[in-house]
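With our numbering applied, the sequence shown corresponds to residues 644 to 1016, in that order.
The hints are simulated quantities; they were obtained by calculation from the structure and are not laboratory data.
Keep in mind the model is a prediction, meaning the values are calculated, not measured.
One or more hints might be untrue.
Unchecked claim - List of simulated lysine-lysine pairs, PhoX-like, C-alpha gap at most 20 Å:
1. 687 - 883
2. 908 - 932
3. 898 - 908
4. 802 - 744
5. 687 - 813
6. 925 - 898
7. 932 - 883
8. 687 - 802
9. 912 - 898
10. 925 - 883
What the hints assert, rightly or not - Here are the computed distance ranges between Cβ atoms for each label pair:
11. 822 - 801: 49 to 57 Å
12. 732 - 928: 41 to 49 Å
13. 899 - 774: 49 to 57 Å
C-beta atoms are modelled at their ideal positions from N, C-alpha and C, and glycine is treated no differently.
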Amino acid sequence: DEEYTITLLTVLVFGGGTAPMVKYLYRPEDRYVAYKRRTLQHAKPGDELRVLSCIHEQDNVNTALALLQASGHSHDSPIYVYVLHLRRLIGRTDAVLDPHKRRNETFSSVSALSQSDHIVNAFRQFEQQHSDGVWVLPYICISPYNTMHDDVCSLALDKKVTLVILPFHKNVKADGSIIFVNPAVRSVNVNVLRYAPCSVAILVDHGISDCGKLLQHVAVYFLGGADDREALAYGSRMAKRAAIRLTVVRFLPPKVWREEGQEEKMDDKMLTQFQHEMVDGKQVVYREKVVQDGEGTVAVIRQTSAEFNLLIMGRRKGKDSPLTTGMSMWSEYPELAGDHRRLAGRDGFRRPGVHAGGAAAGDGDGSSGARCG
């Protein structure tokens, strides 16, 4: 009896401790953290752009396609779009991450097509319309929400993706009404931002899916830092390769508050190069705005946003600046760019648009933001 008791206790101790130990030791995210992030600002001229566009439902499609069209493509600098339809795993079946298979059957009814088929068909049509420089490669992911980010990051790593596009977890329709997606989508976005091996864009749809409008006038709101430099690189690509008008608005604190650290020098260098190579006062415009605090920054954005279809800004997580003072009290959604957190809320702009948040290199955490208006 004593030996049986000792054996039973040993089994309980080692058996009960195995699951927590495996969970602690097995961290698939570690391979993404150790990987050097791919970024737009470090891409060479003429490089192909590899994009992973994540779709939860059909309402996400038009917004993603509008951003892809604005991203610019050509025969010499094509866009490879990896479309990933994300679906929640229900039941006890195994998780799936596979290429989407074309159906060979001839359907007599559109209703016979699955949601994935409809999503992929929309991207296939986009590919046909832009056959000079767009390639679409569809995938499907069926997994629990708590591990879905691993599938996204894994595919981004394997395909050497530069930009992951994620839909925000709620949409604002053209009439101002708000549509909420499953709150678990938000946790997926947060985890992808944390572990992605590349830049990340979070899109907030402010009604563009209703209007079907193209993005023709883009603004980059530049406060400084690695994330905003990545946002500027994205905006620059748009202006170079698409019929896009680009306006860059740089926010500056009063001279007595300005710093001259390494980040500021890198900002100045990139903006000086941008002004020298691209600004012409018509198609590409550069402005500077001096503001006292975050409230002043948001006021400028609200005053100027009506000029643009798309607003782009870095997420700036953990970056303290007079330009963002007081913004934390407005922050419902820390996964978005600081100034855009309020704009995505109930008091945000009620105009057709998108918000994108993307990842950067250097000391930035790999996120920037944009929104169409």
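Results of checking the hints against the structure:
Restraint check for residue 687 and residue 883: the C-alpha separation of about 13 Å stays at or below 20 Å, so the hint holds. Note on residue 908 and residue 932: the hinted pairing holds, with a Cα-Cα distance of about 18 Å set against a maximum of 20 Å. With a CA separation close to 15 Å, the supplied pair residue 898 and residue 908 stays within the 20 Å bound. This hinted pair checks out: residue 802 and residue 744 have alpha carbons roughly 18 Å apart, not beyond 20 Å.
Under the criterion of a C-alpha separation no larger than 20 Å, the hint pairing residue 687 with residue 813 is inconsistent with the structure, at around 35 Å. As the CA atoms of residue 925 and residue 898 are separated by approximately 28 Å, the hinted pair breaks the 20 Å bound. A hinted pair counts as satisfied when its Cα atoms are at most 20 Å apart, and residue 932 with residue 883 does not qualify at roughly 24 Å. Pair hint residue 687 plus residue 802 holds up; C-alpha atoms about 18 Å apart against a cutoff of 20 Å.
As the CA atoms of residue 912 and residue 898 are separated by approximately 18 Å, the hinted pair is consistent with the 20 Å bound. Distance restraint check for residue 925 and residue 883: the Cα-Cα separation of roughly 14 Å lies within the 20 Å cut-off, and the hinted pair is therefore satisfied. Between residue 822 and residue 801 the CB atoms are about 32 Å apart, so this pair departs from the stated range of 49 to 57 Å. Checking the proposed 41 to 49 Å range against residue 732 and residue 928 shows it holds: the Cβ atoms sit about 47 Å from each other.
The supplied range of 49 to 57 Å is met by residue 899 and residue 774, whose beta-carbon atoms lie about 55 Å from each other.
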